[in-house]
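Each chain is listed here by its residues.
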Amino acid sequence: MGRKEIQQNGKLEPFNLMQKNSHKEPTHLFSKRFSKKKVLEESVTYLLRTLTYLVIVLAGYLFLDIAYKGSKAIFKTEAPFINTQFLTEKPQTLHVFEPLEIDKKLSKIRSEVLSLNIKTKSLSSANTEQAKEYSTTIKAHNNEIKRLDILRKKDRLTFSDTEYRALEFTPSLDEFKYNTYAYSGGGIGPAIIGTTLLVFGSILIALTMGVLCAIYLSEYSKPGRSLQAIRLSILNLSGVPSIVFGLFGFGLFVLYLDWGVSLIAGWFTLALMALPVIITASEESMRAIPKGFREGSLALGASKWTCIRTNVLPYALPGILTSSIMGIARVAGETAPIMFTAAYALRDRLPWEGLENTTDFFFQGVMALPYHIYVVSSKIPQNEYTQNMQYGTALVFLLIVGSFALSSIILRAKVRKKYDW
Amino acid sequence: MKPENLQPKDTIPKFSKRRVVLWGKDSDSIIKGFFGCTATVAIVVLFLITLFLIKEGAGFVGQYQKSLKLYRLSGLEYVEILKERRADHTALTQYLNGIKGEWIKSLKDEGLTQKDISKTVMSKEAKAVFIGYLRTSSDLRRFIKEKMDTAIEIRDQEITNINLKESLDNYAEKISLVGNYSFKLSPEDRAEFILKLKEDSQKHTFDKEKLSSNRQLIESLQDGIPLNTQSREIYLSLLKNEYLSTEKLIQPIDFATSILKVTNEKERYFSILEKTQSDMEAVLDKADLIEFNNSDLDKRRERFKELNTIFFNKLSEHKLIIENWDPNKLVPFWESLGSFLTGKEWITASDQQDWYGLIPLLSGSLIISCLALFIAIPLGVGAAIYTNQISTSLEKNLIKPYIEFISAVPSVVIGFFGVVVLGEAIRLMSQLGFLSWVPFFPIQERLNTFTAGSLLALMAIPTIYTLAEDAINNVPNHLKEASLAMGATPLQTTFKVIVPSALSGIISAIMLGFGRVIGETMVVLLCAGNRIKIPELSDGLGVFFQPVHTMTGIIAQEMGEVVNGSLHYRALFMVGIVLFIASLIINLGAQWVVKKYNKMES
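Those sequence lines, one after another, are chains P and E.
When we follow this note's numbering, the leftmost residue of the first sequence carries the number 1, and every step to the right adds one.
When we follow this note's numbering, the leftmost residue of the second sequence carries the number 1, and every step to the right adds one.
Hints listed in this document are in silico derivations from the structure and should not be mistaken for laboratory results.
From a predicted model like this one, the values you see are computed outputs, not experimental measurements.
Hints may contain errors.
Simulated coverage check for chain P against chain E, where a stretch passes if three residues somewhere in it have a Cβ under 8 Å from a Cβ of chain E [said to hold, decoys possible]:
1. 52–65
2. 233–243
Part of the chain P face toward chain E, derived, beta carbon under 8 Å [what the hints assert, rightly or not]:
3. L217
4. L252
5. M339
6. Y374
7. Q390
8. A394
9. G402
All residues carry an ideal CB built from backbone N, CA and C; glycine is no exception.
For reference, chain E alone in the conformation it holds in the complex (with noise of 0.2 Å):
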């Protein structure tokens, strides 16, 4: 406190009132409002953040909802249901082709010679089963194909006709609003309004009376003349033609009878799945006659078979589901969001169907932030148990700014040296001869989860050393003390009385690393390898080797494209709304942990 503060500069105490300065307020008042109102103000645009997301989130449940509604209508759910055989023979094919490369390979293995395995591999009935498979297919291919297209054809009518209707309604806006007297023409008007002319000009080129006048017009309104009655007239008339043209072009479609096109010939259909059958069980009977010579191969024949079993099975069922097809089944609100939710396609900009499904890329965020963690979690508790308690105050003076600085480390860097650095070094390291043993060695992609896993883990560890940290400092002396003063060692000390007692602290720190790793963006969308694919936990550990795509990660790569109030854009916002409230919960989530403890410690 500076002492001329102290001294008052009236020498006759004032009691009265404060000095009226505004609006009968004294001063002090009027500075209070004013920090009120910037508060408020700032607290109000904070909340705006929720209420905008949502506001753009909302409203692509109910675009989705007409999205697949149309999606049923127009057939393609049905070409859909046709297409899971198709994928399924696709599948068998691929097994078929497994065998065989299997089989060249260990025909390699005894030593043969290009010339003779591709003389083994390409014999008449080793032909006649890898390729007449493959060919067993071909009518059910085209089948489905025809359909398919039909099915396109309608859906994209439909489309054309909700944006025709769309630019039909601007139109009838347009003539109300120039219709009214006090209409006025702004720039972007002008500059339709001329082209529209000189559209106008170019169909009546025969008619040099109205070609003059129009002439005449356009130069007028390009140097700026304001709209007069005569004028009003062309635009008006120019734009009802407009709005008649457009109406012409509108064929509107009748689905009960459109559907009828995807949907008949079903007997056809079910004549071609039963000679396919047929045809795959002649190829099957081939099969039998070739010698692999090799009891592995053998095997992986029956299993085959036992496959191909499996799919017969499955057709009367196939059948079933196709007979009970219905076109007109409603599509209720939560079957849009539920399909957002465990969807388990994220597919745009496709000529078939638009998929926006939440599991590929969130399963591709949980995979990456476990895996952060799962590194982070040692080395951040680890380093913060090491500098509070064991090291000396040099050390602690050193290592503690250190790691503070790590995470003022922007990510985009931490994402480049991922880029340039660290991918390249796992890629190459998967390629040593002695790691050979593992096996889902060499990998493929040099940006994959373990490239953007690590580098999370280095940010996620100064996050969890600092609190961590300041979780241990906060325990008590008392219970160091009396710890040590019953014979303890210090490390007994440190593991046994400490690290329970900072435990809540330790696990909310953890839990804001979960945070701060799940919300990352730049370092996943550099290094991820951003292949929108629900990773294969059938690989084993080799999962953490597949490149896939983020939350975060599909914002920051889709946003820049998207079209203002498309599907796609709410879409985006929804996936925000998700992350937004995934972080809302881990925050709340660790302030809990922490005052829980509190509690029943005190």
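So that you can see chain P by itself, here it is in the shape it has in the complex (with noise of 0.2 Å):
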């Protein structure tokens, strides 16, 4: 890019500039200048860089600290190096024991760090002497505190909700301080079954509809007017926010037609928002398909359905397929359709567990991921006890659905090489 400059700016107004530099050193016609034009030239383009890496910069932040303190929960440092528990257990209360002594005394050095902060703050601006000496103390606690908490962290012990049950001997409360944290231990088995409940059944219902839709659309129906106007409408209907379906799946599914807060009822909900975006895509892969495919095969005597099955269907399908793992991970991802329709913010059992009759099985709630994650960073505290369970939720959740993701987005760079027409 840079070269190509030159030679243009060399060959645009080569003898000016030869004129104005020639009390300088001697150059030759395409030796580098200074000009004003390409010092802005050069600043823009550096924007433009500095913008792009900005977005890339700002978002591999975001991924970076998840990932970092997400795996502190998922992986572990010994033999099979996943964490199992996490992975598979069912949400629970975390109960907490720190040594007493040690709080005590952490409580008491950190009301002295408040208190002279306070008093450094109403010295006036002239008392420099005594300023000093106060930010010495602070230091000094501050390191005292430093050492306290590697203390507690050594002699504090945590339980989750079943261990608890089963301790024989629970810690005395003189030696130890005692707090809860809902949510906290346990791990999110529930939770991924439930999303994964949830996805599958939605797709396929998104999917067998989408397609059928799409097949009818683009090979059956006649161009008009009125095919322009559903065709349009579909288009928009794709851009409606997902609460506005989420507020449409509680009305009719959950109230009206009294399905209550359940597996179904978030399938459909869901299903209902990724439909206008599978038929689109669907109907698009089908449509780029050139018209002499269907005139070969209708000319050799096939039917219209033999036509569509052995000479559409096959070349569209790539493109199906990546339009519809792209609607995976958007239905996956989505927290605002299934928050009243289906999600449960703590359920115990997991959904094949006691049920009374099959059909049980679809009026349950479940527990999904990304309703998990806004109850536990929206209901809970965020300290050290509760990051583990946030940001190993946030992870796990990234993980599926960044995997959907990327998997589109790679499959749809191989479709768009191999099936250029």
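Starting from the two chains in their separate frames, assemble the complex, guided by the hints.
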């Protein structure tokens, strides 16, 4: 890029430049020359480059932060290296016992630091010596706090609900400070299972209806105004906010049809949300197939259906697959539509446990990863004990959704190269 | 095409009609019909969403109209007018307290100790002003409280009456149902019947005969025995008893007389107002005695006096409004719709009057979206221009999928990041010493417009980037080549030829980005702070650091706890309709921009 510019500048105004620069050292036609315009161009280029990399760095920070802190919950330093407990267990309350003595010392020093801070602030600006003295004491206190914190972490005991109930002797409250944190113990097994069920059920419904609808629209229907209108409105429906679909699902499925907060209500709500996207994408990939393919097969006497089956669908399939994987990523990532149609904040039974009828399977609420993230990030405080659950859930969820999205992006690039007519 | 498909299986050509399979149709048209049916179902279901939203939302207008009518008839509106004066007085008191606060601060700056400061501030003259001013409104407050309680009592009685009438209707329906001989007990009816029998037994604890017969009946009902003539009679009589006792509970309200309880004593109210005014004037005279020794504070005192004069001047107008207030003025339906669309308050489950006004939510949504777009447009469009025109192909192959991948990051994860990292980071940043010159720093709330807006920008960037990049990519190559051939530099070509010809695409990309941002739920629910209040523009740029609530956020937050069919439920559907229409307009607008530009070019 740089060289091109120089060449053009050189070609544009060689004589002017030569005359202007004649008193300086001699230059040949293509040597680098200083010009205001070039500096401007360079700086604009750098500005655009900075903007681009800023986006990359900001998003990268988000990914790395979640990946780093989340991996503490998912991975272990010992043999299988994966914390299966976190991935399979049910969410539980975390019981924490902190050594009381150290805790008392800590709170005492902390309050001293606080009072010193206030004192420093109330000092007038002339009194620098006193201020210096305060700041050295504060520093010493802070070091002491750090030391005690390490001790506290060494001596503390944490139990999940099941572990706590299995204890023969609970630690005595004379020696330990006892705290509980909701949702922070155990794992996210039911949430992973719930999300899987929700995604597969809804994508099955959406894909069946969507592909069949797309086949009709692209192959059978007569082109005309009404078809155009239908196409346009489906396209517009794909831009409707997901919360509106959630509102609809809540009103129709949960309340009006009285299915309650259930798997099946979630399926239909999510399927309806994905439907416009899948119809549009599938239809597009079918329409992209050249007319000659169909005409050739029809000319040889194939029926319409045979033509579609053998000469349209096979070539459209990669496109449909790509769009459906993107649909899965979208469906799996949404929280708003399932918030009040399918998701429970906490459910300690797995979906297939304790069913009286088989139909009960469809009419039960489930836990879901996105809703679980919402709950643990808004309903419980943030501290060292809850962090594992929060970041771990976020990382697992990001990995699941990200793998779908990534495979869709890679597939699409491949498909574009392969079928480019 | 596979070769075996080309070979006909039968050597004899068949030009006859296809074989009939079912109902006189051949297989092909059946398949077509099948596809047609599914397509119709899918499309109908998608349109059902629109219909259902409108159906649920439409009831809002009527219900809200009724609620507003009751608000007027019960006299609550009248009390609300009275409360305006009280609110003004409170605002004035706050202004006075502001002066006091500043006075203390200036004394502190002079180097006085805490003791001296409190001595000065609590001196006799100062006390007379600061505390005396607060006391001037005590009569007014008491009077308004009295009237408000009366009005609320009337309103609650009316609501109870409406509920009782509803249950009366239910009983009447039930009685006519049970009276029919084909009526069969459902499990719920059975449980209800048993419950009523038990209640009946409790009433007649001394009537042993009745008790034993009741017990027998309960046992037989629990065994699942169907209704016979005798038990039907008992059931009917129980229901009728309940009907009568409920009917007795209804105490119809005559609004013409009840309203007088609220609106009488106007003379007393006016005299209270006059007394308040004279008290306030007396206090204001005393205010001159305080020696601030500070020109700023003197100025503020003068301003305070001016504000008080404005307050006094308003009183006569206020009296006029009160005289002319008419409880029987009609509430037309467009007033209820208008008060939804332009209402400045969203108050639910209050003990006075519920207000469903869109403006705080709409303005919250808009301010967050504008901030997000303000950040996302330069980044998204800049990155699109960079990757398409300037970068090397390796960079392009890496950056493009990366940014596309960002669009797949679930919104709840981004919101979570905002709660645990970004919000805290912004608050810490605002507390840094070298940033203290910024007028609105340090900020109070870590979750505010800026937190949500900057995260939404991250979500809008991929949308804007992908579409804008597409648009730039679609500019015909010959334009670029022609420009370069004329001797323009690559950057000149990019900014003067390529970007202008892709402008329609870029604008539509920005509009679609806006659509994505305004419809986003989880990020705003988690990070926007969720305070239902219109952003105060008087704060300057500080407006971006206030917590707000949004249209999507309110649906997500309140939908879980509403009663089916209630006014609140319908209000949320109305918000949903507004969102739906907004997204349709944005989408159609984006398409229209592209279409119009294409026409102009050709």
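Here's how the hints hold up against the structure:
Chain E is given as covering the stretch 52–65 of chain P, and this holds because 8 residues of the stretch bring a CB closer than 8 Å to a CB of that chain, at least three being needed. Remark: the stretch 233–243 of chain P is confirmed as covered by chain E, as 10 of its residues place a Cβ nearer than 8 Å to a Cβ of that chain, reaching the required three. Hint status for L217(P): holds, given a least beta-carbon distance of 6 Å to chain E, under 8 Å. A hinted interface residue such as L252(P) counts as satisfied when its beta carbon comes closer than 8 Å to some beta carbon of chain E; here the least separation is about 6 Å, so the hint holds.
The beta carbon of M339(P) is positioned within 8 Å of a beta carbon in chain E (closest approach about 6 Å), and the interface hint is therefore held. Given hint, Y374(P) at the interface with chain E, holds; its Cβ is 6 Å from that chain's nearest Cβ, closer than 8 Å. With 8 Å as the threshold, the beta carbon of Q390(P) comes within range of chain E, its nearest partner Cβ sitting at about 7 Å, so the hint holds. Of the supplied interface hints, the one on A394(P) holds, with its beta-carbon coming within about 5 Å of a beta-carbon of chain E, less than 8 Å.
Among the interface hints, the one on G402(P) holds; its C-beta lies about 7 Å from the nearest C-beta in chain E, closer than the 8 Å criterion.
The structure fails none of the hints (numbered hints given earlier).
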